[in-house]
Amino acid sequence: MDAKEFRILAVDDNANTLEVIKRNLNKAGYAVLTCTDVPAAVKILEEHLIDVLITDYKMPKYDGLDLLTHAGENYPHIGMIMVTGYPSINGAIQAVKKGADEYLAKPFTDAELLDAVAKVVLRLSRRQEARTDGAPASSFGMVGSSPSMRAIFRLIEKAASMSANVLISGESGTGKELVARAIHYGSARSAAPFVSVNCTAIPESLLESELFGHVKGAFTGAKEARDGFFQIADRGTIFLDEIGDASLNLQAKLLRVIQSKEFFRVGSSQVSKVDTRVITATHKNLPEMVSRGLFREDLFYRLNIIDISIPPLRERKEEVPTLVRHFTADFCRQMGRAPLTFSDRALEALTEYAWPGNVRELENLTQKLVVMVDGERVDIADLPETMRFSIHSGPGGNRTLAQMEVDHIMAVLESVGGNKSRAAAILGIDRKTLREKLRKIQK
37 MDAKEFRILA VDDNANTLEV IKRNLNKAGY AVLTCTDVPA AVKILEEHLI
87 DVLITDYKMP KYDGLDLLTH AGENYPHIGM IMVTGYPSIN GAIQAVKKGA
137 DEYLAKPFTD AELLDAVAKV VLRLSRRQEA RTDGAPASSF GMVGSSPSMR
187 AIFRLIEKAA SMSANVLISG ESGTGKELVA RAIHYGSARS AAPFVSVNCT
237 AIPESLLESE LFGHVKGAFT GAKEARDGFF QIADRGTIFL DEIGDASLNL
287 QAKLLRVIQS KEFFRVGSSQ VSKVDTRVIT ATHKNLPEMV SRGLFREDLF
337 YRLNIIDISI PPLRERKEEV PTLVRHFTAD FCRQMGRAPL TFSDRALEAL
387 TEYAWPGNVR ELENLTQKLV VMVDGERVDI ADLPETMRFS IHSGPGGNRT
437 LAQMEVDHIM AVLESVGGNK SRAAAILGID RKTLREKLRK IQK
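My numbering puts the first residue of the sequence shown at 37, with every later residue one more than the last.
Since the hints were made in silico from the structure, they are not lab data. It cannot be assumed that every hint is accurate.
As the list claims (entries may be wrong) - Straight-line distance between alpha carbons at most 25 Å, and here's what the computed BS3-like set of lysine-lysine pairs gives: (1) K456 - K476; (2) K404 - K476; (3) K320 - K79; (4) K94 - K58; (5) K194 - K142; (6) K320 - K142; (7) K97 - K79; (8) K289 - K194; (9) K79 - K259; (10) K289 - K320; (11) K155 - K94; (12) K194 - K79; (13) K259 - K320; (14) K309 - K289; (15) K155 - K97; (16) K252 - K320; (17) K468 - K456; (18) K194 - K252; (19) K320 - K155; (20) K155 - K142; (21) K94 - K79; (22) K252 - K353; (23) K473 - K456; (24) K353 - K320.
Claimed, not checked - The following label-pair restraints were derived from C-beta to C-beta distances: (25) P112 - R475: 33 to 39 Å; (26) D380 - R271: 16 to 22 Å; (27) V452 - K320: 23 to 29 Å.
Ideal Cβ positions, reconstructed from N, Cα and C, are used throughout, including at glycine.
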(Lines of atoms letter the chains of each structure in order from A and count residues from 1; the text may use other names and numbers.)
(Lines give C-alpha, C1' and ligand atoms only; values in the text may rest on other atoms or scores of the structure.)
Protein backbone atom coordinates (compact mmCIF):
# COMPACT_ATOMS: atom_id res chain seq x y z
CA MET A 1 0.00 0.00 0.00
CA ASP A 2 1.74 3.16 -1.24
CA ALA A 3 0.36 6.50 0.01
CA LYS A 4 1.45 8.14 -3.25
CA GLU A 5 -1.26 6.17 -5.09
CA PHE A 6 -4.08 7.83 -3.13
CA ARG A 7 -5.39 11.37 -3.60
CA ILE A 8 -7.36 12.97 -0.78
CA LEU A 9 -9.89 15.82 -0.77
CA ALA A 10 -10.35 17.64 2.56
CA VAL A 11 -13.36 19.96 3.03
CA ASP A 12 -13.77 22.29 6.02
CA ASP A 13 -14.88 25.90 6.41
CA ASN A 14 -12.06 26.39 8.93
CA ALA A 15 -8.83 27.21 7.08
CA ASN A 16 -6.67 26.31 10.10
CA THR A 17 -8.16 22.81 10.26
CA LEU A 18 -7.52 22.35 6.55
CA GLU A 19 -3.90 23.42 6.98
CA VAL A 20 -3.37 20.87 9.77
CA ILE A 21 -4.94 18.08 7.71
CA LYS A 22 -2.96 18.93 4.59
CA ARG A 23 0.37 19.30 6.39
CA ASN A 24 0.10 15.97 8.20
CA LEU A 25 -1.13 14.01 5.21
CA ASN A 26 1.51 15.53 2.91
CA LYS A 27 4.18 14.41 5.39
CA ALA A 28 2.77 10.90 5.19
CA GLY A 29 3.10 10.97 1.38
CA TYR A 30 -0.50 11.62 0.35
CA ALA A 31 -1.52 14.11 -2.34
CA VAL A 32 -4.11 16.45 -0.82
CA LEU A 33 -6.58 18.93 -2.32
CA THR A 34 -8.58 21.27 -0.06
CA CYS A 35 -11.60 23.55 -0.25
CA THR A 36 -13.90 25.35 2.20
CA ASP A 37 -17.44 24.53 1.04
CA VAL A 38 -19.57 21.83 -0.57
CA PRO A 39 -20.07 23.44 -4.04
CA ALA A 40 -16.29 23.73 -4.44
CA ALA A 41 -15.92 20.11 -3.33
CA VAL A 42 -18.49 18.95 -5.90
CA LYS A 43 -16.51 20.70 -8.65
CA ILE A 44 -13.21 19.14 -7.51
CA LEU A 45 -14.81 15.68 -7.49
CA GLU A 46 -15.95 16.25 -11.07
CA GLU A 47 -12.52 17.35 -12.26
CA HIS A 48 -10.09 15.19 -10.25
CA LEU A 49 -9.64 11.53 -9.45
CA ILE A 50 -10.23 11.44 -5.66
CA ASP A 51 -9.76 8.31 -3.53
CA VAL A 52 -10.59 9.58 -0.03
CA LEU A 53 -12.96 12.37 1.01
CA ILE A 54 -12.56 14.02 4.43
CA THR A 55 -15.40 16.43 5.20
CA ASP A 56 -16.51 18.53 8.14
CA TYR A 57 -20.06 17.97 9.40
CA LYS A 58 -21.22 21.54 10.03
CA MET A 59 -20.67 24.01 7.20
CA PRO A 60 -22.66 26.99 5.87
CA LYS A 61 -25.55 26.32 3.47
CA TYR A 62 -24.72 22.67 2.73
CA ASP A 63 -23.30 20.31 5.35
CA GLY A 64 -21.07 17.26 5.31
CA LEU A 65 -23.99 14.84 5.09
CA ASP A 66 -25.09 16.49 1.84
CA LEU A 67 -21.58 16.00 0.48
CA LEU A 68 -21.41 12.36 1.64
CA THR A 69 -24.72 11.69 -0.11
CA HIS A 70 -23.51 13.29 -3.35
CA ALA A 71 -20.16 11.47 -3.28
CA GLY A 72 -21.72 8.12 -2.40
CA GLU A 73 -24.22 8.33 -5.27
CA ASN A 74 -21.78 9.56 -7.90
CA TYR A 75 -18.39 8.16 -6.86
CA PRO A 76 -18.95 4.80 -5.16
CA HIS A 77 -15.24 3.96 -5.18
CA ILE A 78 -14.37 6.82 -2.76
CA GLY A 79 -13.56 6.18 0.90
CA MET A 80 -15.15 8.79 3.20
CA ILE A 81 -14.33 10.23 6.62
CA MET A 82 -16.69 12.52 8.56
CA VAL A 83 -15.11 15.10 10.88
CA THR A 84 -17.13 17.04 13.45
CA GLY A 85 -16.70 19.37 16.39
CA TYR A 86 -20.11 18.28 17.72
CA PRO A 87 -19.74 14.53 18.19
CA SER A 88 -22.85 12.53 19.03
CA ILE A 89 -24.14 8.98 18.62
CA ASN A 90 -26.89 10.18 16.30
CA GLY A 91 -24.41 12.14 14.18
CA ALA A 92 -22.16 9.09 13.85
CA ILE A 93 -25.11 6.91 12.86
CA GLN A 94 -26.22 9.43 10.21
CA ALA A 95 -22.68 9.66 8.82
CA VAL A 96 -22.36 5.87 8.56
CA LYS A 97 -25.77 5.64 6.86
CA LYS A 98 -24.57 8.16 4.28
CA GLY A 99 -21.51 6.02 3.57
CA ALA A 100 -18.79 7.29 5.92
CA ASP A 101 -16.06 4.72 6.57
CA GLU A 102 -14.65 6.57 9.61
CA TYR A 103 -15.94 9.19 12.07
CA LEU A 104 -13.39 11.63 13.55
CA ALA A 105 -14.18 14.01 16.45
CA LYS A 106 -12.53 17.43 16.82
CA PRO A 107 -10.08 18.18 18.24
CA PHE A 108 -8.23 15.19 16.84
CA THR A 109 -4.54 14.39 17.19
CA ASP A 110 -2.18 13.95 14.26
CA ALA A 111 -2.03 10.23 15.04
CA GLU A 112 -5.84 9.90 15.05
CA LEU A 113 -6.06 11.60 11.63
CA LEU A 114 -3.36 9.42 10.10
CA ASP A 115 -4.87 6.29 11.64
CA ALA A 116 -8.34 7.05 10.23
CA VAL A 117 -6.94 7.69 6.74
CA ALA A 118 -4.74 4.58 6.89
CA LYS A 119 -7.77 2.42 7.76
CA VAL A 120 -9.78 3.79 4.84
CA VAL A 121 -6.86 3.41 2.42
CA LEU A 122 -6.30 -0.17 3.57
CA ARG A 123 -9.96 -0.99 2.89
CA LEU A 124 -9.77 0.59 -0.55
CA SER A 125 -6.61 -1.38 -1.35
CA ARG A 126 -8.22 -4.64 -0.30
CA ARG A 127 -11.34 -3.92 -2.36
CA GLN A 128 -9.22 -3.17 -5.44
CA GLU A 129 -7.10 -6.29 -4.97
CA ALA A 130 -10.17 -8.47 -4.45
CA ARG A 131 -11.79 -7.14 -7.63
CA THR A 132 -8.62 -7.53 -9.68
CA ASP A 133 -7.60 -10.92 -8.27
CA GLY A 134 -11.10 -12.30 -8.65
CA ALA A 135 -11.47 -11.09 -12.24
CA PRO A 136 -10.81 -13.32 -15.24
CA ALA A 137 -7.63 -12.92 -17.30
CA SER A 138 -9.52 -10.76 -19.77
CA SER A 139 -10.43 -8.11 -17.16
CA PHE A 140 -12.13 -5.12 -18.81
CA GLY A 141 -11.74 -6.88 -22.17
CA MET A 142 -7.94 -6.74 -21.81
CA VAL A 143 -5.37 -9.37 -20.90
CA GLY A 144 -2.50 -8.86 -18.48
CA SER A 145 -1.36 -9.59 -14.96
CA SER A 146 1.84 -7.53 -14.68
CA PRO A 147 1.95 -4.77 -12.03
CA SER A 148 1.66 -2.11 -14.75
CA MET A 149 -1.46 -3.66 -16.27
CA ARG A 150 -3.07 -4.29 -12.89
CA ALA A 151 -2.57 -0.58 -12.16
CA ILE A 152 -4.26 0.24 -15.48
CA PHE A 153 -7.21 -2.01 -14.62
CA ARG A 154 -7.63 -0.10 -11.34
CA LEU A 155 -7.53 3.22 -13.19
CA ILE A 156 -10.13 1.96 -15.67
CA GLU A 157 -12.39 1.03 -12.78
CA LYS A 158 -11.96 4.43 -11.12
CA ALA A 159 -12.44 6.31 -14.39
CA ALA A 160 -15.61 4.32 -15.10
CA SER A 161 -17.11 5.48 -11.80
CA MET A 162 -16.81 9.18 -12.75
CA SER A 163 -17.51 11.45 -15.71
CA ALA A 164 -14.17 13.28 -15.83
CA ASN A 165 -12.28 13.51 -19.12
CA VAL A 166 -9.57 10.91 -19.72
CA LEU A 167 -6.31 11.12 -21.71
CA ILE A 168 -4.84 7.75 -22.73
CA SER A 169 -1.26 7.74 -23.98
CA GLY A 170 0.81 4.95 -25.47
CA GLU A 171 2.44 3.71 -28.64
CA SER A 172 0.37 2.53 -31.60
CA GLY A 173 -1.05 -0.93 -31.04
CA THR A 174 -1.01 -0.87 -27.22
CA GLY A 175 -4.81 -0.95 -26.92
CA LYS A 176 -5.80 2.65 -26.23
CA GLU A 177 -9.27 2.30 -27.78
CA LEU A 178 -9.84 -0.90 -25.81
CA VAL A 179 -9.18 1.04 -22.59
CA ALA A 180 -11.59 3.77 -23.70
CA ARG A 181 -14.32 1.22 -24.45
CA ALA A 182 -13.75 -0.50 -21.10
CA ILE A 183 -14.22 2.84 -19.31
CA HIS A 184 -17.39 3.66 -21.23
CA TYR A 185 -19.05 0.25 -20.89
CA GLY A 186 -18.21 0.12 -17.19
CA SER A 187 -19.73 3.55 -16.58
CA ALA A 188 -23.21 4.95 -15.98
CA ARG A 189 -23.17 6.07 -19.64
CA SER A 190 -22.89 2.52 -20.99
CA ALA A 191 -26.46 2.47 -22.37
CA ALA A 192 -25.69 5.55 -24.54
CA PRO A 193 -23.44 5.50 -27.65
CA PHE A 194 -19.67 5.11 -27.68
CA VAL A 195 -18.42 6.98 -30.75
CA SER A 196 -14.83 6.47 -31.90
CA VAL A 197 -13.19 9.11 -34.10
CA ASN A 198 -9.67 8.80 -35.54
CA CYS A 199 -8.46 12.36 -35.98
CA THR A 200 -5.86 11.27 -38.56
CA ALA A 201 -8.30 9.31 -40.73
CA ILE A 202 -10.59 12.26 -41.55
CA PRO A 203 -9.30 15.11 -43.76
CA GLU A 204 -8.84 18.38 -41.87
CA SER A 205 -11.35 20.08 -44.18
CA LEU A 206 -14.08 17.63 -43.10
CA LEU A 207 -13.18 17.03 -39.47
CA GLU A 208 -15.11 19.99 -38.04
CA SER A 209 -18.26 18.98 -39.94
CA GLU A 210 -17.86 15.35 -38.83
CA LEU A 211 -17.46 16.32 -35.17
CA PHE A 212 -20.07 19.06 -34.89
CA GLY A 213 -22.42 18.39 -37.79
CA HIS A 214 -23.69 20.85 -40.40
CA VAL A 215 -26.86 22.44 -41.68
CA LYS A 216 -28.21 22.05 -45.19
CA GLY A 217 -26.24 24.19 -47.66
CA ALA A 218 -23.36 24.82 -45.23
CA PHE A 219 -20.88 23.89 -47.98
CA THR A 220 -20.82 22.32 -51.43
CA GLY A 221 -22.33 18.87 -51.17
CA ALA A 222 -24.22 19.52 -47.93
CA LYS A 223 -27.59 18.57 -49.38
CA GLU A 224 -29.16 17.93 -45.97
CA ALA A 225 -28.54 18.69 -42.32
CA ARG A 226 -26.48 16.13 -40.43
CA ASP A 227 -25.66 15.48 -36.78
CA GLY A 228 -21.99 15.38 -35.84
CA PHE A 229 -20.23 12.83 -33.67
CA PHE A 230 -20.64 14.95 -30.51
CA GLN A 231 -24.42 15.03 -30.99
CA ILE A 232 -24.55 11.31 -31.79
CA ALA A 233 -22.62 10.61 -28.58
CA ASP A 234 -24.92 12.77 -26.43
CA ARG A 235 -25.18 11.28 -22.89
CA GLY A 236 -22.52 8.80 -23.95
CA THR A 237 -18.80 8.97 -24.74
CA ILE A 238 -16.81 10.31 -27.67
CA PHE A 239 -13.33 8.84 -28.14
CA LEU A 240 -10.95 11.12 -30.05
CA ASP A 241 -7.99 9.00 -31.12
CA GLU A 242 -4.70 10.71 -32.03
CA ILE A 243 -5.82 14.05 -30.59
CA GLY A 244 -2.24 15.28 -31.02
CA ASP A 245 -2.89 15.58 -34.75
CA ALA A 246 -5.76 18.08 -34.31
CA SER A 247 -5.06 21.55 -35.72
CA LEU A 248 -4.88 24.56 -33.40
CA ASN A 249 -8.11 25.84 -34.98
CA LEU A 250 -9.93 22.60 -34.18
CA GLN A 251 -8.38 22.53 -30.70
CA ALA A 252 -10.03 25.88 -29.93
CA LYS A 253 -13.43 24.51 -30.92
CA LEU A 254 -12.90 21.35 -28.89
CA LEU A 255 -12.02 23.49 -25.88
CA ARG A 256 -15.32 25.35 -26.21
CA VAL A 257 -17.47 22.22 -26.32
CA ILE A 258 -15.56 20.65 -23.40
CA GLN A 259 -15.83 23.79 -21.25
CA SER A 260 -19.41 24.81 -22.02
CA LYS A 261 -21.00 21.64 -23.45
CA GLU A 262 -22.04 23.86 -26.37
CA PHE A 263 -21.05 24.07 -30.04
CA PHE A 264 -22.18 25.41 -33.40
CA ARG A 265 -22.95 23.21 -36.36
CA VAL A 266 -21.07 24.22 -39.47
CA GLY A 267 -23.13 26.91 -41.21
CA SER A 268 -25.37 27.57 -38.19
CA SER A 269 -25.53 30.45 -35.69
CA GLN A 270 -27.70 28.44 -33.31
CA VAL A 271 -26.06 26.94 -30.23
CA SER A 272 -26.39 23.17 -29.75
CA LYS A 273 -25.99 21.62 -26.30
CA VAL A 274 -24.65 18.15 -25.46
CA ASP A 275 -23.73 16.07 -22.44
CA THR A 276 -20.90 14.02 -23.87
CA ARG A 277 -17.93 12.57 -22.00
CA VAL A 278 -14.62 13.05 -23.81
CA ILE A 279 -11.88 10.43 -23.82
CA THR A 280 -8.83 11.16 -25.94
CA ALA A 281 -5.74 9.20 -26.92
CA THR A 282 -2.36 9.93 -28.43
CA HIS A 283 1.01 8.32 -29.13
CA LYS A 284 2.65 11.76 -29.09
CA ASN A 285 4.27 13.68 -26.23
CA LEU A 286 1.58 16.31 -25.62
CA PRO A 287 3.46 18.20 -22.84
CA GLU A 288 6.34 18.69 -25.28
CA MET A 289 3.90 19.83 -27.98
CA VAL A 290 2.44 22.33 -25.48
CA SER A 291 5.90 23.75 -24.77
CA ARG A 292 6.50 24.12 -28.53
CA GLY A 293 3.16 25.86 -29.09
CA LEU A 294 1.75 22.97 -31.13
CA PHE A 295 -0.96 22.04 -28.65
CA ARG A 296 -3.10 24.35 -26.51
CA GLU A 297 -2.12 24.26 -22.85
CA ASP A 298 -5.68 25.01 -21.65
CA LEU A 299 -7.06 22.14 -23.74
CA PHE A 300 -4.35 19.77 -22.50
CA TYR A 301 -5.28 20.38 -18.86
CA ARG A 302 -8.99 19.97 -19.66
CA LEU A 303 -8.34 16.61 -21.33
CA ASN A 304 -5.77 15.32 -18.85
CA ILE A 305 -7.92 15.07 -15.71
CA ILE A 306 -7.41 11.30 -15.60
CA ASP A 307 -4.15 10.20 -17.20
CA ILE A 308 -3.71 6.56 -18.26
CA SER A 309 -0.36 5.63 -19.79
CA ILE A 310 -0.16 2.17 -21.42
CA PRO A 311 3.35 0.67 -21.50
CA PRO A 312 4.57 -0.91 -24.75
CA LEU A 313 4.62 -4.71 -24.92
CA ARG A 314 8.44 -4.81 -24.86
CA GLU A 315 8.30 -3.39 -21.31
CA ARG A 316 6.01 -6.18 -20.07
CA LYS A 317 7.40 -9.19 -21.90
CA GLU A 318 6.25 -11.55 -19.16
CA GLU A 319 2.73 -11.15 -20.55
CA VAL A 320 3.56 -12.34 -24.08
CA PRO A 321 2.88 -16.07 -23.44
CA THR A 322 -0.50 -15.26 -21.83
CA LEU A 323 -1.45 -12.97 -24.72
CA VAL A 324 -0.36 -15.55 -27.31
CA ARG A 325 -2.50 -18.26 -25.71
CA HIS A 326 -5.45 -15.90 -25.30
CA PHE A 327 -5.51 -14.74 -28.93
CA THR A 328 -4.76 -18.21 -30.28
CA ALA A 329 -7.64 -19.76 -28.34
CA ASP A 330 -9.98 -17.00 -29.58
CA PHE A 331 -9.02 -17.46 -33.25
CA CYS A 332 -9.21 -21.26 -32.99
CA ARG A 333 -12.76 -20.96 -31.66
CA GLN A 334 -13.73 -18.48 -34.36
CA MET A 335 -12.35 -20.71 -37.12
CA GLY A 336 -13.67 -23.94 -35.65
CA ARG A 337 -10.28 -25.62 -35.61
CA ALA A 338 -8.59 -27.80 -32.97
CA PRO A 339 -6.66 -25.98 -30.21
CA LEU A 340 -3.15 -24.88 -31.20
CA THR A 341 -0.25 -25.04 -28.73
CA PHE A 342 3.25 -23.52 -28.83
CA SER A 343 6.60 -25.16 -28.21
CA ASP A 344 8.81 -23.74 -25.46
CA ARG A 345 11.28 -22.48 -28.07
CA ALA A 346 8.54 -20.71 -30.02
CA LEU A 347 7.21 -19.00 -26.88
CA GLU A 348 10.75 -18.02 -25.88
CA ALA A 349 11.35 -16.44 -29.29
CA LEU A 350 8.05 -14.55 -29.16
CA THR A 351 8.81 -13.34 -25.64
CA GLU A 352 12.25 -12.03 -26.61
CA TYR A 353 10.98 -10.27 -29.74
CA ALA A 354 10.73 -6.45 -29.55
CA TRP A 355 7.12 -6.12 -30.86
CA PRO A 356 7.30 -2.67 -32.53
CA GLY A 357 3.59 -2.99 -33.37
CA ASN A 358 2.79 -3.97 -29.78
CA VAL A 359 -0.29 -6.08 -28.94
CA ARG A 360 -1.89 -5.41 -32.34
CA GLU A 361 1.11 -6.97 -34.10
CA LEU A 362 0.99 -9.98 -31.76
CA GLU A 363 -2.74 -10.42 -32.41
CA ASN A 364 -2.18 -10.27 -36.18
CA LEU A 365 0.59 -12.86 -35.94
CA THR A 366 -1.47 -15.32 -33.90
CA GLN A 367 -4.33 -15.06 -36.38
CA LYS A 368 -1.93 -15.80 -39.24
CA LEU A 369 -0.47 -18.81 -37.39
CA VAL A 370 -3.93 -20.23 -36.67
CA VAL A 371 -4.68 -20.05 -40.41
CA MET A 372 -1.32 -21.23 -41.77
CA VAL A 373 -0.09 -23.91 -39.34
CA ASP A 374 -1.56 -27.31 -40.24
CA GLY A 375 -0.51 -29.28 -37.15
CA GLU A 376 -1.53 -28.92 -33.54
CA ARG A 377 1.63 -27.15 -32.40
CA VAL A 378 3.52 -24.03 -33.44
CA ASP A 379 7.28 -24.54 -33.46
CA ILE A 380 9.99 -21.96 -33.84
CA ALA A 381 10.34 -22.82 -37.55
CA ASP A 382 6.75 -21.58 -38.09
CA LEU A 383 7.64 -18.06 -36.93
CA PRO A 384 8.86 -15.22 -39.17
CA GLU A 385 12.64 -15.14 -39.55
CA THR A 386 13.12 -11.97 -37.51
CA MET A 387 11.25 -13.52 -34.59
CA ARG A 388 13.26 -16.73 -34.81
CA PHE A 389 16.42 -14.64 -34.63
CA SER A 390 15.21 -12.78 -31.53
CA ILE A 391 15.82 -15.85 -29.37
CA HIS A 392 19.55 -15.39 -29.98
CA SER A 393 19.42 -11.66 -29.37
CA GLY A 394 17.74 -11.46 -26.00
CA PRO A 395 19.33 -10.44 -22.74
CA GLY A 396 22.57 -12.25 -23.62
CA GLY A 397 22.89 -10.75 -27.08
CA ASN A 398 24.66 -7.60 -28.22
CA ARG A 399 21.78 -6.00 -30.14
CA THR A 400 19.51 -3.46 -28.50
CA LEU A 401 15.71 -3.56 -28.72
CA ALA A 402 15.86 -0.50 -30.96
CA GLN A 403 18.23 -2.31 -33.35
CA MET A 404 15.98 -5.37 -33.39
CA GLU A 405 12.99 -3.17 -34.21
CA VAL A 406 14.86 -1.52 -37.08
CA ASP A 407 15.89 -4.91 -38.48
CA HIS A 408 12.36 -6.24 -38.26
CA ILE A 409 10.80 -3.21 -39.94
CA MET A 410 13.32 -3.35 -42.79
CA ALA A 411 12.85 -7.12 -43.18
CA VAL A 412 9.08 -6.75 -43.39
CA LEU A 413 9.42 -3.92 -45.93
CA GLU A 414 11.75 -6.05 -48.03
CA SER A 415 9.38 -9.03 -47.88
CA VAL A 416 6.54 -6.95 -49.38
CA GLY A 417 8.66 -5.21 -51.99
CA GLY A 418 8.70 -1.87 -50.17
CA ASN A 419 4.88 -1.56 -50.02
CA LYS A 420 4.39 0.60 -46.93
CA SER A 421 0.65 -0.11 -46.60
CA ARG A 422 1.20 -3.88 -46.53
CA ALA A 423 4.21 -3.52 -44.20
CA ALA A 424 2.21 -1.38 -41.79
CA ALA A 425 -0.61 -3.95 -41.77
CA ILE A 426 1.83 -6.80 -41.00
CA LEU A 427 3.48 -4.74 -38.24
CA GLY A 428 0.10 -3.82 -36.78
CA ILE A 429 0.70 -0.07 -37.04
CA ASP A 430 -0.73 2.65 -39.29
CA ARG A 431 1.10 4.14 -42.27
CA LYS A 432 1.78 7.42 -40.46
CA THR A 433 3.49 5.62 -37.56
CA LEU A 434 5.55 3.58 -40.04
CA ARG A 435 6.62 6.76 -41.85
CA GLU A 436 7.71 8.30 -38.54
CA LYS A 437 9.74 5.19 -37.67
CA LEU A 438 11.37 5.14 -41.11
CA ARG A 439 12.22 8.83 -40.83
CA LYS A 440 14.00 8.17 -37.52
CA ILE A 441 15.81 5.18 -39.03
CA GLN A 442 17.06 7.25 -41.97
CA LYS A 443 18.37 10.11 -39.81
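* Sort out whether K252 lies within 25 Å of K194, counting only the CA atoms. => violated (42 Å)
* Does 23 to 29 Å hold as the CB distance between V452 and K320, or does it fail? -> holds (27 Å)
* **Restraint status (C-alpha distance of K94 to K79 at most 25 Å)** => holds (19 Å)
* Quickly compare the C-alpha distance for K456 and K476 to 25 Å and report which way the hint goes. => Holds, at about 15 Å.
* **Given hint K456 paired with K473 - CA-CA distance at most 25 Å** => holds (12 Å)
* Restraint status (C-alpha distance of K97 to K79 at most 25 Å) -> holds (16 Å)
* Regarding the pair K309 and K289, is the alpha-carbon distance no greater than 25 Å? -> holds (14 Å)
* Asked: Does K404 pair with K476 here, judged by a C-alpha cut-off of 25 Å?
  -> violated (29 Å)
* **R475 and P112 - C-beta distance against the hinted 33 to 39 Å** => About 47 Å separates the Cβ atoms of P112 and R475, which means 33 to 39 Å is violated.
* Asked: Regarding the pair K194 and K142, is the alpha-carbon distance no greater than 25 Å?
  -> violated (31 Å)
* Asked: K155 and K94: Cα distance at most 25 Å?
  -> Roughly 23 Å between the alpha carbons, so the hint for K155 and K94 holds.
* To do: Could you tell me whether the CB distance from D380 to R271 stays inside 16 to 22 Å?
  => violated (51 Å)
This entry does not satisfy hints 2, 3, 5, 6, 8, 9, 13, 15, 16, 18, 19, 22, 25 and 26, going by the numbered hints stated previously.
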